[in-house]
Every structure is written in structure tokens, then in C-alpha cells.
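Asks: What follows is the residue order along each chain.
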Amino acid sequence: MASSTHWNVVRFFVTTLYLWMGWILFTWSLSLGNLLLGLVQSGLVALFTWPVFVEENEAARRSHVPRVHFLIVYLLFLIVQMYGASFRVLWQILRGRINPGVVHFRTRLRTDIARTALANSITLTPGTITLFLDDDHLIVHWLDSRTTHSRYARKLIAESFERVLKRIWA
Amino acid sequence: MNWGTVIFIGLGVIFGIMGNLGVLIFPDVYTRLHASSTASTSSVFSIFVACMFAAGWSPMTGKILVIAFFFFITNPISSHLIARYAWEKDVVPWRRSYAERQRLSHTSDE
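The listed protein sequences correspond, in order, to chains A and B. Just so we're aligned: the first sequence equals residues 18 to 187 in our numbering. Just so we're aligned: the second sequence equals residues 28 to 137 in our numbering.
Since the hints were made in silico from the structure, they are not lab data. Since this is a predicted model, take the numbers as computed values, not measurements.
Distance condition first, Cα-Cα at most 30 Å in a straight line; then the derived DSS-like pairs of lysine-lysine:
hint	chain 1	residue 1	chain 2	residue 2
1	A	K183	B	K90
2	A	K172	B	K116
3	A	K172	A	K183
Here chain B stands alone, though its shape is the one from the complex:
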């Protein structure tokens, strides 16, 4: 067990928990998908990196690298499919009201 493993497992746990929290608190399909894709992409990739640190320099590292590459290609497709289905079914994206948006843009400029 070395420090790389600990740090990346920690990152994976944090992203997973926060992604699930986001799925619970966000208002509609699209924003929830953002939270769930944070959980599924960053936390799973962090755990892959932690596995690479734990395995050291061995054939297993190469296998994990191949799986991570495969994951990079296939993972966005699932969230894109859900988003595209919602978009084709005319699900209206949730937006903030005009007044709130003005207030947010004024405060974020500072």
C-alpha cells in the first residue's frame, strides 16, 4: 500500500459520493446526468489509477490500461444515449428564472 493508491482511492470515493448526492438534489434529467457522469467517469477512472499503483510494474498494469482505454470509449455513450432520448422526446431542460440568472452573473463576475 503506497501513497498513490491511498490518494486515488480517496478521490474515487469522494467523486462517487458527491455524484450520488448530485443525482438526488438536482432538478431534472439533464442535470442529474451531469452528476451521474461525474460519478461514473471520474471515480471509476480514479479507482483504475489506484489499481495501477497497487499492481506496480507488471502485466496487470497493461491490462488495466487497456480496460481504461475501452472504458474511455464506451462510457460516454450510455449517458449520451439517455440524454439524446430525453432530447428527442422533447423533455424541456430546467432553467433558472431570468432574475436569478442576472443575479448569479453579476456576483460571479467579481
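Chain A on its own, in the form it takes in the complex:
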């Protein structure tokens, strides 16, 4: 029981810290008044929302701190993938030769936040949209469906993302 109240305090402070970081980044000034105002307001917001963002289970606590250098690599990789895929979609719009289909596959990522990031990246890349995510089971709508085989589809759509994502949130 004691450890769980301890974890609740940690949850509150983690939420406050993330909100404060967002405040500092958006206001972009380091004057004392601004920092204090941001801290008070993030604390106030965190007072109401701390059960929402950080998980109740302490076991997944390491998943809240991403490895930042891999995160930066991942963002650059995502931008490259996005431009490549949008040129492909552009070509398909011009020629009108689309072959849409729905594929199901399972991901090998274990933490919730990594799975959310994977589904988000799949949707962000033009040409693939995540329709449904249930535990590790993803349903993806694919504009140029080269296969319906689930393992091969995972290899084509998700494997390059998974390889970096499993290093960010271990």
C-alpha cells in the first residue's frame, strides 16, 4: 500500500514535469515570472489529470522515459519515409491504378506507448491507415496492397518502424 501511494506522487510529478516542458517550449522565454506561472498552472492541471496519462501499474515505469537519441533518429527516419510514401501516392493518384486492401497483422512491440507510436506512424505515412488496434493486433488499410499474407504485410509495413521503436521504449 505504501509503495502505491509513493507511485501516485511520482505520477503527479511526472505529469507536471511533462506539462511544464510543453509550456516552456511553447512560450519560448526563460524569465522567472513566466517559469513560475507555467509551473503553477501545470501543477494545477496535473492535480486533475494525473490518473490519465501515467499508467497505474508501476511495472511499466521505464517506458515513460524515451531514449532521446533514438527518438531523434526515428523522427528523421519518419520524415524520409513520409516523403517517399507521398510521392508513391502522388503517382498512384495520377495513374489511377490503385489496388486497395485490408491486412491484419500482429506487432512484436510490448509496451503500450510503443504500440501507439507504431499505429500513429503507420497512419502518418501516406498510403497506410490504421483502422483498429487491439493489444498487439493491428488492422491496416493499404492503398497499394501487394499482399494479403499477414507476416509478409507486417514485414513490408511495420518492420522498419518496429526496429527503431523497440530501442526507444525498451
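With chain A held as given, fit chain B onto it using these hints.
Replies: Just chain B, lined up with the frame of chain A:
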């Protein structure tokens, strides 16, 4: 005005126009969402990059970087929501007929 600005604004305009064209010509909800997400993701991001080139090395660049990161998190959620709603309402995805698919796969292998 430098070349980076010109190139990325041009890319943004091309992706926007082609995405809107795709929304008009594609057959059903899901394929139209693909076209609209091309427009909303790639063209808006290209315009962000063009703004960064135009602003140069200043605090404004950092702000645009933060907005772009925020956009990367929030933008896919809207298209995912529309797609998920359609999927839960059992909207059947449009498919090519079997004969057409065979023909396409044979020609694309070459």
C-alpha cells in the same frame, strides 16, 4: 527568399493540389482518406520546412520545430478516427475485381 523556401513551398503546393484531386477521384471513404492525409501531412510539413528556411536561425525556427512535432503527434489521430468510425460502422472497403487484380499484378511484376 532562398532556394530552400522555393523548393519546399513548391512541394507543399503540389502535394496539396494532388491530394485534393485524389479526394475527388477516389471511390470510397478509405481511399479518399489516403489522399486527404497526403495533402494534410506532406503539404503542411513541407510548408513548415519552408517557413524554417525563410525564418533562418532565430527563435522562430525553434517554435516551428515544436509546432511540427506537435503536428506529427496530433495529425494522424483525426484520419485514424474517421477510418475507425467507418470500420466500426461496417463500411465495406472498395476493391478491384479479381480479373483486374490479376492483370495489375502481372503487369507490375515486370
